[in-house]
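Colleague: What follows is each chain in one-letter form.
There are 2 protein chains.
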Amino acid sequence: MPLGEKAGFEKSQSRYCGVEAEFNDDMPQLLNFNLSTGSFDFVVAPLMNPSYRPSLLEKDGVLPFAASDLVLSPSQWSSHVVGKLSSWIDLDSEDEALRMDSETTLKQEIAWANHLSVQACILPPPKGASCANYARCVNQILQGSNNMQLWLRIPLVKTDDDDMGANSTSFIDSWELWNSFRLLCEHHSQLSIALDILSSLPSLNSLGRWFGETVAAAIINTDSFLTNGRGYPCLSKRHQKLITGFFKSFNTDMVKLMDDLIVISGKPAHSIPRPSSDLAANNFDNNSESPQRHPLRPYLDYVGFLFQRMDPLPEQERFELGYRDFLQSPLQPLMDNLEAQTYETFERDSMKYIQYQRAISKALLDRVPDDKASATTVLMVVGAGRGPLVRASLQAAEETGRKLKIYAVEKNPNAVVTLHSLVKLEGWEDIVTIISCDMRFWDAPEKADIVVSELLGSFGDNELSPECLDGAQRFLKQDGISIPSSYTSFIQPLTAAKLYNDVKSHKDLAHFETAYVVKLHNIARLTPSQPVFTFTHPDYSTKKSNQRYKKLQFEIPSDTGSAMVHGFAGYFDAELYKDVHLGIEPSMATPNMFSWFAIFFPLRTPVCIKPGSPLEVHFWRCCGSSKVWYEWCVASPNSSAIHNSNGRSYWVGL
Amino acid sequence: MPLGEKAGFEKSQSRYCGVEAEFNDDMPQLLNFNLSTGSFDFVVAPLMNPSYRPSLLEKDGVLPFAASDLVLSPSQWSSHVVGKLSSWIDLDSEDEALRMDSETTLKQEIAWANHLSVQACILPPPKGASCANYARCVNQILQGSNNMQLWLRIPLVKTDDDDMGANSTSFIDSWELWNSFRLLCEHHSQLSIALDILSSLPSLNSLGRWFGETVAAAIINTDSFLTNGRGYPCLSKRHQKLITGFFKSFNTDMVKLMDDLIVISGKPAHSIPRPSSDLAANNFDNNSESPQRHPLRPYLDYVGFLFQRMDPLPEQERFELGYRDFLQSPLQPLMDNLEAQTYETFERDSMKYIQYQRAISKALLDRVPDDKASATTVLMVVGAGRGPLVRASLQAAEETGRKLKIYAVEKNPNAVVTLHSLVKLEGWEDIVTIISCDMRFWDAPEKADIVVSELLGSFGDNELSPECLDGAQRFLKQDGISIPSSYTSFIQPLTAAKLYNDVKSHKDLAHFETAYVVKLHNIARLTPSQPVFTFTHPDYSTKKSNQRYKKLQFEIPSDTGSAMVHGFAGYFDAELYKDVHLGIEPSMATPNMFSWFAIFFPLRTPVCIKPGSPLEVHFWRCCGSSKVWYEWCVASPNSSAIHNSNGRSYWVGL
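These protein sequence lines are chains A and B, in that order.
Just so you know, this note's numbering puts 202 at position 202 of the first sequence, and the rest follows in order with no gaps.
Just so you know, this note's numbering puts 1273 at position 273 of the second sequence, and the rest follows in order with no gaps.
Derived from the structure by calculation, the hints contain no laboratory data.
Just so it is clear, the structure is predicted and the values come from calculations on it, not from any experiment.
We put the beta carbon where it would ideally sit given N, CA and C, even for glycine.
Any given hint could be a false lead.
Stated by the list, open to error - Derived Cβ-Cβ restraints for the label pairs, each shown as a range:
(1) B/HIS1506 / A/PRO586: 42 to 50 Å
(2) A/PRO611 / B/LYS1127: 25 to 33 Å
(3) A/ARG230 / B/GLN1547: 43 to 51 Å
(4) B/LYS1127 / A/GLN478: 55 to 63 Å
(5) B/GLN1076 / A/SER436: 53 to 61 Å
Chain A extracted, bound-state conformation:
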């Protein structure tokens, strides 16, 4: 029974828990014991007798290595069994005979699993530090045509540099093994990780890397459990954090039975007092032999408890489930006209307009002292859309007791229709003048005290707010106020194997040189973000340019270990007016706001960063006569290509 269902969670948020079993010729009995008696959702079981060795067989003999496929129905194989490949397989052994046997067996077992319609197989962990031949063989299978998932089993181990000295040969970081394996297999989308959770865990920074990887299953060994006061298994705080982290990081909207799993492994390591209630409950069942309680049931119960204890997702998060890690092209509101539905969505973001109202109120109070409260302030909403900022301005005026004359400037003729009807409906005709015009070209009849706009994209300037407000600045008084008064973009290096693979799946250069709006989820943020470009409004300097160039250096914390950078998350923070901010930069994000997801700048070739070697990144904002675009590159530890030269792949139209 899925973990979530027990707690009355929605099905889409439930999790599945399996159990690792020994080889058993009698698969129906194995399933019955673990699923019916044990309440596990599936078993991870060897499909072939582990004593089988191809080289010991006589030629052309029948292979007596596995039970018949008939013992279960195809749907049982497919929904209740994850294949576990023989753990003796060692494709990088120095022993050539063992290597050859391993290759033959690997291919036979995969072929057999395919024949059974098993959805996924767990590959045994690489035996040593080298895994090239193993990867070559797995890659050949992956490049073939079948759809089975392959999960490479990786023990979650990293020795500290401090323990060993950086050059010690006994230094182990299993992430590096995984990284090497998946690079050899070209980030294949059917290859993911079954992570073995052991009793001791490496540092939090180093654990964090796995949240950017495609971890399909976390296998918790019974040895990793502690014992609580009543003799029951429980996990250390750090283990709890890791497991709930995986619960959260798994892509809940995508949950299929064979995805994002917890697996309990090992022999019972706790002797648990048989609860009397349990005895009583079973007493009515007198006909059968005393029903056996599954020896690993307490571990399952504990994992279920961890899951149920988690706070359910807030409504907005649940609404956004479908957007997690889904790559969207950024809006081009200047070049295209937004649709009603888009306005609708953004207008619902009340937190944003509360911030705007606060900023406008402060500006009005600064602009008009109490003793001159009857003076009229000319306020222009540029890019008024269907009117939410007009409303916020009027509410600010009411709140502060100031008088306004409002011009609502909007270039989208469809939005202007709605705007007219809103003004009529609300009876704002005396205060609000609607101007159906692009603010860059409007010939204003008077100058404004305050210009209010909401032209920011996820990366701040990426929807061309600077260019638009340069136009609007023409009709702002010399001492006038722009709300926002400034905004800054930020970037942050990410491990984001899933996003990288989604970009790669398009098989062209253009998608690798495009920035995407995305609800970041299955990612690891490797360092704090850093500011990139800042724009301030108004700006009357003579040599003003909206071109920008920034060089950034990121240092990944040394206890993280090596890490893979698949690209950069982009955010913005805007100063609306004085201390009233609005933004999505994680460390200072405006709470409960949903108008912006982050932006993602991919790298054509992911960059592996080793500890102590900084990541140097360059970002440019380039301006042409008809478009604005970004270029970006990595310059250290090695130089990448410059992405999106001349805006060849991705640009924003003026």
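Got chain A; can you put chain B on it based on the hints?
Modeller: Here is chain B on its own, set in the frame of chain A:
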């Protein structure tokens, strides 16, 4: 006058020498002085006044930065002038105003050079260790549509690790700057190097790297010249070696006026006694003012002397000029039938057949002692083609006084026709039996004492000699001899920017996963080669397999500095019989043999190797039911993708 023409070299082998000039508004006078008086072939000259700064100009003013385009004809601009961009340009300055001026000027000067039809421009050296913004700007130009060559000027400088300690910030290796720049520009084919040769040179290993790069021009400063006993300029031995190295490495077959140049730069640094003969020769020219000898003429003369002193190319090398760095698909003689012209070429390689004859003679003497010389040895030539090995065998028999019975087995029916006519013509009917059959399927009437074959490709086993000889082994006596008795392939990491670019130009994955036969020329061999796969014949072991796997570690000499690996050269060495070898591995290549060029295995992403970090490479020979293929990858310092998985891009048909 080109350097070669003076010595009566063929035009295709001549070299051009230019001179670097200061800015001069009077371009015709500048050309006249340097070309007519000085005998230089072209000038490297600034096209704009170096005092020009865009930010100092009034807006919309006419740009008084250069002379009119009319002063020279387009063909003069194009054949006699290399543009030199303003050396003050610094796109990575911390000073934003200078950076903006630099960007504007760079683009204006390139646009002006384009307008003039200049074929190439020299970009000033990057000013500091960082060059990302410079590269971004140049890359934008390169990604545009013009055809002009851009040569990045790079001073040839590398401080020793020993001098500085590896972590010293004052460590400089200008190759790293170049490498970073070209990576940022994606190895663009119009971007190459103008290498500034200074008075002191780094180590030979480090110099060697440049021979694998696209060096368009070597600029020798007059300061770099020593003074000989008679007061004339000359170069140190090491400089001489470098310059003649460039003379050789330049792609002579491709020489165009604006390619592969020497440029003399700087002020005269030697006071040379005016030779009296010179005076006498000029005396008849009484009408004009006393003609001026060009002050840099002695430097040109010395470079010409260096060039003329070089040995002319041997005939075979001249024949192969057109093949230098030209990528060819390897032959598939098993799947396809060779054409007459191919046989013709290979049969002309007398050195190869001399070696075969020596090997066969030795084998005959070992097989048949002198006291049994009348015994007949059964010799089978498998893959007899048009008969050269039949002839070599008969000559060996004659030389050793042994008797032969020869079967000539050939699968190509076209070659069999020629073989029949040869046997008739030579009167060999009694000795030679022609078998028109694939050796793998021939049902031989008797067993052979000796099987002779020439089935080797550039990489040894790559034309499926192992599979063919497995077939032939069926009809070899248990104690019989195979000639060759074994062969081994070798690989060697290369810097090969030109080959990489040629592979890249196809813009697909398949070409990056294909091995090419190529006359290696513009390459740097970074380490000695290492053996990969060995096959021995006959091999009667029961678990015999022609699959192979080899892991190799290459250490680049520490004084090389960092280096780029674009791929691997492949070679073979064969033991024909006992000490009689045949092969192309550079350190032990059979001299004067031309049947095989090397093979080149490219890397999809070039790998940069830093000093002290070994290059780990894996090579596989994989066998399927209808094809044989190689897979390869780099596993360290970072893992590459596995190339050619399942032989998807490149394979040899069985």
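Colleague: It remains to establish, for every hint, whether it holds in the given structure.
Modeller: Here's how the hints hold up against the structure:
{"no.": "1", "hint": "B/HIS1506 / A/PRO586: 42 to 50 Å", "verdict": "holds (43 Å)"}
{"no.": "2", "hint": "A/PRO611 / B/LYS1127: 25 to 33 Å", "verdict": "holds (31 Å)"}
{"no.": "3", "hint": "A/ARG230 / B/GLN1547: 43 to 51 Å", "verdict": "violated (58 Å)"}
{"no.": "4", "hint": "B/LYS1127 / A/GLN478: 55 to 63 Å", "verdict": "violated (40 Å)"}
{"no.": "5", "hint": "B/GLN1076 / A/SER436: 53 to 61 Å", "verdict": "holds (59 Å)"}
The structure does not agree with the numbered hints 3, 4 stated previously, though it agrees with the rest.
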